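Colleague: Now for the letters of each chain:
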Amino acid sequence: MAWYSKAITEKKQQIKSLWVRCKKCQSHIWQEEWHNNLNVCPHCNYHGSITAYERINLIFDEGTFNELFASISPVDSLGFNDLKGSYKDKIEANKKKSGISEAVITGEGKINGIRAVAAVMDFRFLGGSLGSGTGEKILQAANFAFEQEIPYIVFSASGGARMQEGVLSLMQMAKTCAGVARLNKKDIPFISVLTNPTTGGVTASYAMMGDLNISEPGAVIGFAGRRVIEQTIGEKLPDDFQTAEYLLEHGFIDSIVTRKDMKKYLSQVLSYYNR
Amino acid sequence: MAWYSKAITEKKQQIKSLWVRCKKCQSHIWQEEWHNNLNVCPHCNYHGSITAYERINLIFDEGTFNELFASISPVDSLGFNDLKGSYKDKIEANKKKSGISEAVITGEGKINGIRAVAAVMDFRFLGGSLGSGTGEKILQAANFAFEQEIPYIVFSASGGARMQEGVLSLMQMAKTCAGVARLNKKDIPFISVLTNPTTGGVTASYAMMGDLNISEPGAVIGFAGRRVIEQTIGEKLPDDFQTAEYLLEHGFIDSIVTRKDMKKYLSQVLSYYNR
Amino acid sequence: MAVASSLKVLTSDKSKHKLNGSTKGKQLSAWEIVKISRHPQRPVFQDYLHSVFTDFVELHGDRYYGDDKAIVGGFATIGGIKVMIIGHNKGKNTEQHVERNFGMAKPEGYRKALRLMKLAQRFNLPVVTIIDTPGAFPGLEAEERGQAESIAKNITEMAALEVPVISLVIGEGGSGGALGIGVGDKIIMLSNAIYSVISPEGCASILWRDAKFAPDAAQALNLTAERLLHHEVIDEIIKEPGEGAHTDYEKIADAVKKSLVKNLKTLSAIPVDILLDKRFQKYSAMGKFAGF
Amino acid sequence: MAVASSLKVLTSDKSKHKLNGSTKGKQLSAWEIVKISRHPQRPVFQDYLHSVFTDFVELHGDRYYGDDKAIVGGFATIGGIKVMIIGHNKGKNTEQHVERNFGMAKPEGYRKALRLMKLAQRFNLPVVTIIDTPGAFPGLEAEERGQAESIAKNITEMAALEVPVISLVIGEGGSGGALGIGVGDKIIMLSNAIYSVISPEGCASILWRDAKFAPDAAQALNLTAERLLHHEVIDEIIKEPGEGAHTDYEKIADAVKKSLVKNLKTLSAIPVDILLDKRFQKYSAMGKFAGF
Ligand SMILES: [Zn+2]
Ligand SMILES: [Zn+2]
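Protein sequences appear in the order of chains A, B, C and D. Numbering-wise, the first sequence is residues -16 to 258 according to our numbering. Numbering-wise, the second sequence is residues -16 to 258 according to our numbering. Numbering-wise, the third sequence is residues 81 to 372 according to our numbering. Numbering-wise, the fourth sequence is residues 81 to 372 according to our numbering.
If we strip away everything but chain A, and leave its shape as in the complex, we get (with noise of 0.2 Å):
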């Protein structure tokens, strides 16, 4: 009987294994499927997450993408504890997780034969969170494409700025928009991918500084969290706000893009720069 139920409760997972289940209309979707469909819903377009290596390869021209700044790592400089634990084991814990060792990963390669640097964030690293070593990625890339004058694309995914890293993580939404502002004053342009989801520090940096802003469908893109507002006004909120239909349809947004399209989209409006 203790056999029997082990062996039951192990197909069972077996079987939840081989499915995914969709977050927005809850279809079950074949795995094999959904990995093919780039973790897009075959149902209701729904983008699922994907790994910042995934999307490189989505992305860039085979075996043309060259990582940069690997080595660079967090610190747990300001000693962090809170209930669960210190922010030093977190980052252990993340890096094993997720395999990566900060939550972007930068590099330079081809699209569609054209040069351009990309800094693209990984959520399952801290939810993505923006600390001094992912700044500090994220402006080594922009003062890469500064020196070599090509193309930066941020491709961000992140909850907001590293509560662990204090004020230092504040300051990277300063660090980066600096190496924003020398591209701008290069004239090398600057693309933001906004995907799901994109908000709190990172939204209000880099991510919505692009000289064209792109979205995946569906992602929520914002400031301040829902729940935040809500309490603030003391109203419920429609349910598109905060999406990149909504931010498209408020000035804020270039063009939707799905997933498949998105390296030929990337493509096309960079041979549009004429420098």
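Note that these hints are calculated values from the structure, not bench results. Incorrect hints may have been included.
What the hints assert, rightly or not - Distance condition first, Cα-Cα at most 30 Å in a straight line; then the derived BS3-like pairs of lysine-lysine:
1. D/K358 <-> D/K198
2. A/K169 <-> D/K368
3. A/K71 <-> D/K292
4. C/K358 <-> B/K168
5. A/K246 <-> C/K319
6. C/K292 <-> A/K243
7. B/K169 <-> A/K169
8. C/K342 <-> C/K319
9. D/K292 <-> C/K198
10. D/K149 <-> B/K243
11. C/K342 <-> B/K67
Quick caveat, the model's predicted, so the values are computed rather than measured.
Starting from the structure of chain A, add chains B, C and D with the ligands where the hints point.
Modeller: Chains B, C and D with the ligands in isolation, oriented as in the chain A frame:
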């Protein structure tokens, strides 16, 4: 009897001419008091119209104003005729009536010791409308400020573009703004003072482009006419719509300054120009 | 009232707009040209977008308030030349007219246009603007959000934009609402387009005290391409086929494309400092006056 | 929730805010300092405007949408030096708190601030920003009109502003809402001011699952002037008199004036290209990480 009647009529007219009726609060004010109060109602602060030369006397230090480009005057280049006759005749009548030859007086002088170039519109001349000659004088004055590298102030009072010059009038918006664009590039201050009324094509060109937009209290400032808007939206507009106070609230005016304080205010803000 | 009148014409898809007989070989009156410029079958911006341009990538939003559908813009290619294209879009049927507010832009439309022009400058792309509007939208909210300021700023910034700018009037060039995207190095008009400081109806209402004198006002205002070329306000006229652009979409597309490509090549060859100086001289010379 | 909590403190004018006994000569806890920074009698921007500056000319409006009273700015003079002064203004009583939205700015506030900074650049005036806000206003309309965009743009443009910028935190430095006017060549804090990525209450609610752990969060966040100087986030601390700035308005005004004048003189002596390079290096060096 006839003689007696005539004498009464004359007496009435004489009395009438000694009093001014405020357009806002309808009070009767002694003409001398009205004039001494700079054509401002002592009861309700309504700022009545003043001529360009009166304004120049109020703003510039005595004996410092040198008029420039005074010989420019309108021509009827389209041969424009309407119900009331030809534009050509209107020009002559307006010259005679006002004693000036265009809807703006231009020149340079000192404001509490600070050198500045000014263009001062005069509503008496064809409703302060922006014709080719008006635009030419405003541009020439801008060019003078550009060459001399001294601040430029335009006092607007205008019903908008001068219909009788067709698109030539419309193009004065581009012509004057081209002058403002050059001042911008050279970081030379451009101050716009909007007085009652400033509407249509004048508002939609240089009058809104001040580094500082200053207004007299209660001035009507707008693009489309009140009646046109009411017809379009099918409702009555609020009373304070298109007033200086309304525009301040909506972010388009830096400060509302009374006529008697204007000279001091202008010299004060110009003293902050530090190049 | 000016706008209201012209809207009535624009929206009455079913009205005939029959001109008095054939216009071929005949000198058209200003008022007849006004009617052709507003003809419900006349090609609009979105038609040229498909017939003259390829590879259009629409870009949205002003980054302040909204995305005004009365003005459309984005990257596009014409005859192998990459440009930023921005234009009023009236739409082609009642539903589209309403969605696009009959091509009457609000401040967010002008601010989107300016944002795209600045983007063109960064990307070093020439700008082509397509003008077709009864005028800027005369509404309460548009005034509140700075209709005048947004037009003024565009005019000022266009005077200093560091890339070539071509402005093409394809239908109605309605006053400040047209000029707000109209400060080009070259201003081109289709032969039956109009460009006016005020609509003929508006002018008639004010100066003739009755909108029914619009034909007289149209004549007096010198709003036709031919008159404006004479007065050196515009640089070139593109001759429309047959009885107007609406009678031959292909021919007018060919003519527009030829003209734009030619002018883009000419302007792109000019160093930017000389281009800006010429633009300043061009607008400095606008208008006629006595003295000096 | 973060903002709501801090508001409660701010609005309860009558509450005592008594610190546990005298603070003189004692090391205050982070939470005690948070409470002083929000003390209802603590001098606010408008106090310094009168005690430290002269000849203030307030300038209004963002030229897009409105005039946000949560941020006040204009020309002013300090020790004979002419500057552009811009700051959050919480107001001094309940009526003013409401009028000025407790110093929580909306996009039009940040856009007004940026317009005035650009004006300062044109006039060649140094900019002084005074920071005192629980944070940017978390409201529906603020989000709609681009709260994030307005802050992002200010941060980006301030990094490249071609005049000296000094930022002084006089009370609460609340996250992005503070940084939106806070990218200075020098960042100065009063000794009982705070500067934080999130309010202690907000942080406690998220990481401790209960706002009552705010004192722990305050400690962990390193939000005091002393800790921030240690982490090289800020450049200078102005020592407050007695039990805090609210206990001696004159003394704190003197100290603020002395510091601002000294720093303005130092920064104004630096050529602008070197100033901008130093500013870039300053923010490039912010934060600590491993590797590279
Ligand atoms: Zn789904
Ligand atoms: Zn009165």
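Colleague: Would the hint linking D/K292 and C/K198 be met if the CA-CA limit is 30 Å?
Modeller: 49 Å, violated
Colleague: Would you check the hint for C/K358 and B/K168, treating anything up to 30 Å between C-alpha atoms as holding?
Modeller: 16 Å, holds
Colleague: For the pair we were handed, C/K342 and B/K67, check the Cα-Cα distance against 30 Å.
Modeller: Distance of about 46 Å is beyond 30 Å: violated.
Colleague: Is D/K149 close enough to B/K243, meaning Cα to Cα at most 30 Å?
Modeller: 27 Å, holds
Colleague: Take the C-alpha atoms of C/K292 and A/K243, compute the straight-line distance between them, and say whether it is at most 30 Å.
Modeller: Outside the cut-off at roughly 57 Å; violated.
Colleague: Between the alpha carbons of A/K246 and C/K319, is the straight-line distance 30 Å or under?
Modeller: 42 Å, violated
Colleague: Sort out whether A/K169 lies within 30 Å of B/K169, counting only the CA atoms.
Modeller: 20 Å, holds
Colleague: When you check the alpha-carbon spacing of A/K71 and D/K292, does it fall within 30 Å?
Modeller: Holds, at about 24 Å.
Colleague: For the pair supplied as a hint, A/K169 and D/K368, is the alpha-carbon distance within the 30 Å limit?
Modeller: 28 Å, holds
Colleague: Verify the proposed pairing of D/K358 with D/K198, using a straight-line Cα cut of 30 Å.
Modeller: It holds: about 20 Å lies between the C-alpha atoms, which stays within 30 Å.
Colleague: Run the distance test for C/K342 versus C/K319: straight-line Cα separation, threshold 30 Å.
Modeller: 15 Å, holds
Against the hints set out earlier in the document, violations occur for numbers 5, 6, 9, 11.
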